[in-house]
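Protein chains in written order, with our numbering: chain A, 1 to 256; chain B, 257 to 539.
Worth flagging that the hints you see were computed from the coordinates, not collected in a lab. Keep in mind that a hint or two might mislead.
Quick list of simulated restraints, FRET-style, between CB atoms [what the hints assert, rightly or not]:
1. A169/A <-> P378/B: 50 to 56 angstroms
2. T255/A <-> L530/B: 45 to 51 angstroms
3. A112/A <-> S286/B: 50 to 56 angstroms
4. N373/B <-> I254/A: 48 to 54 angstroms
5. A511/B <-> V22/A: 33 to 39 angstroms
List of simulated lysine-lysine pairs, DSS-like, C-alpha gap at most 25 angstroms [claimed, not checked]:
6. K60/A <-> K71/A
7. K188/A <-> K60/A
8. K431/B <-> K60/A
9. K212/A <-> K251/A
10. K115/A <-> K188/A
11. K106/A <-> K315/B
If you want the ones that stay clear, here's a sample from chain B, every Cβ over 10 angstroms from chain A, calculated [claimed, not checked]:
12. L298
13. L316
14. L433
15. F510
Note that the coordinates shown come from a computational prediction; the quantities given were computed from them, not determined experimentally. Positions of the beta carbon are idealized from the N, C-alpha and C atoms, including for glycine.
So you can see what is in the structure, the chains are spelled out below.
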Amino acid sequence: MPGYIQGRNVNLTFRPPNRGPVRALSNFDIDINEGEFLSIVGPSGCGKSTFLNVLLGLVKPDSGDLQIQGKPIVGPGTDRAMVFQEFGLLPWRSVQDNVELGLELKGMARDARRKVSQPLIEMIGLAGFEGHFPHELSGGMKQRVGLARALATDPHVLLMDEPFAALDAQTRDLMQVELLRVWQEARKTVLFVTHQIDEAIYLSDRVMVMTKRPGRAKTIFPINLPRPRDYEMRTTPEFNELKLEIWNSLKDEITV
Amino acid sequence: MTETRAIETDIGGPLESAAPADGLWHRLESTIFGAGGIVVLLAVWEALPRIVTLSAGTKLFFTTPSQIAETLWQMFATGSIWVPLSVSASGFALGLGLAVVAGLPLGVLIGRSPTLNAMLDPFITAFNATPRLVFLPLIMLWFGLGLWAKVIVVFIGALFPILINTYEGVRNADKTLINVVRSFGANEWDVARLVVVPNAMPYIVAGLRLAIGRAVLGVVVAEFFGSESGLGVMMVQAAGQYHVDKVFAGLIVFAGLSLIMTAAVQVLENRLTLWRPQRAGGE
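Only chain A is shown next, with the shape it has when bound in the complex:
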């Protein structure tokens, strides 16, 4: 049975001017089930963020086959949305206008946009901050706006590119809990790129380890920990065993 998202032999080489070509993805295969939470971990520069951009439709692969629900990806579409690493909020737009960005680009009228954005802003706990500009928000608040913006267009697939990397450890823990809550409510298919093995295990149904550049899928670890998950789970022997296994798989790919 083909996956909800299916990639076969995806190849991509960057050709920056005045420098040698860089092979980012090499015969990359992936299958993701509908409603699944899949994390990708891999060494820096292995092409995991690149793959998200390919899925998003911003970067075209050189060859290979990449489909969502049997339809090939030809460009950005409303069935997918990204939560960006450095939040990617437009600094000249208020919280509300940032959340409504995708709706505005879909041509939705102002009143209809308000009806969608208001419950989302309440859900992320930023009611009362609608008129604030991004520079007036903390890092955690900014990324909650980024999450609400991605959810506003009601995509089937949520792509998350190290979304919590710019946050401090405590805020990151809280955001993970919040993300799981949102995911359990909205039942999106999530592709989550991270450097942190802890984070990947805690959140995911499966964790994919990628090889060093040019990136391929190396091993996929099913995470059979029960849901809903809580913070204590991180101290259980099962959790730590998984952590060790994934680390052992990953460390061979890391060159210092």
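Starting from the structure of chain A, add chain B where the hints point.
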């Protein structure tokens, strides 16, 4: 008793009452000194012919602040200023307006399109490096001494600061933010509208401020060297007839216009950049 009072005053009274007065003085200090300097200068100037006896020849080239004020007042009272002022103002407004209308979109296009940039860059660089006065004879030959020659001179002067600053601002656009709006299905026009132009706004406003200076200069140059009417023409004619007070009156009107325009840009800038951290106050 006296001791207690002294301590009390030390802690409470004087400190509390001194603080706001001190703050007020600090805020007004530069204004007071600035205005004071002008007042002293004007007073010395006004007193000069009363202290020193000027020869008849020198008097021809001399005027006093009160004389200038009187002339300026008469020009407004009789309405004789309105025709030259409106001629100069329309040359300024049309030229600057056209420069904005042409320079802004062109700057965005060149900033976004490497092809257009490669095609137009040599022209822009060469044109911008050439002193604008060089074009004056040609412009007068082609467009005569009327309004449009002036508009062209102003336009050429004001176009490049706007064009080049817009281009620089556009080149500086955040690639991540462009990807963000693209991922939501934005086309090139949306990218310009939502990211590139707002991002370039501080550059554009700085360019506009420069352009206003160049535009005023353009009006003055055009009117000094070849126009039928305008404030500059009035000044040149007045100088020819030794009406020094009238020359100064024209100068003051030009300075006043420049100040008003600069203040208008400041207001515009404050409105457009509300979102920036340094403007929001607080920290």
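Comparing the hints with the structure gives:
For A169/A paired with P378/B, a C-beta distance near 54 angstroms keeps the hint of 50 to 56 angstroms intact. Between T255/A and L530/B, the C-beta spacing of about 48 angstroms keeps the proposed range 45 to 51 angstroms intact. Distance hint check: the CB atoms of A112/A and S286/B are about 52 angstroms apart, consistent with the given range 50 to 56 angstroms. Our hint of 48 to 54 angstroms for N373/B and I254/A is violated, since their Cβ atoms are close to 41 angstroms apart.
Look at A511/B against V22/A: about 59 angstroms separates their beta carbons, and that is not inside 33 to 39 angstroms. Under the criterion of a C-alpha separation no larger than 25 angstroms, the hint pairing K60/A with K71/A is consistent with the structure, at around 15 angstroms. For the hint linking K188/A to K60/A, the alpha-carbon distance of about 24 angstroms falls within 25 angstroms, and the restraint holds. The straight-line distance between the Cα atoms of K431/B and K60/A is roughly 17 angstroms, inside the 25 angstroms bound, and the hint therefore holds.
Distance restraint check for K212/A and K251/A: the Cα-Cα separation of roughly 10 angstroms lies within the 25 angstroms cut-off, and the hinted pair is therefore satisfied. Distance check on the hinted pair: K115/A and K188/A sit about 21 angstroms apart at the alpha-carbon level, within 25 angstroms; holds. For a cut-off of 25 angstroms, the pair hint linking K106/A to K315/B is broken: about 74 angstroms separates their Cα positions. For L298/B, the condition that its CB be more than 10 angstroms from all CB atoms of chain A holds, with the nearest at approximately 45 angstroms.
With a least beta-carbon separation of about 58 angstroms from chain A, L316/B lies farther than 10 angstroms from that chain, consistent with its non-interface assignment. A cut-off of 10 angstroms between C-beta atoms contradicts the statement that L433/B is not in contact with chain A; the least separation is 6 angstroms. F510/B, annotated as away from the interface, keeps every beta carbon of chain A farther than 10 angstroms; the closest lies near 35 angstroms.
The structure is inconsistent with the numbered hints 4, 5, 11 and 14, although it conforms to all the rest.
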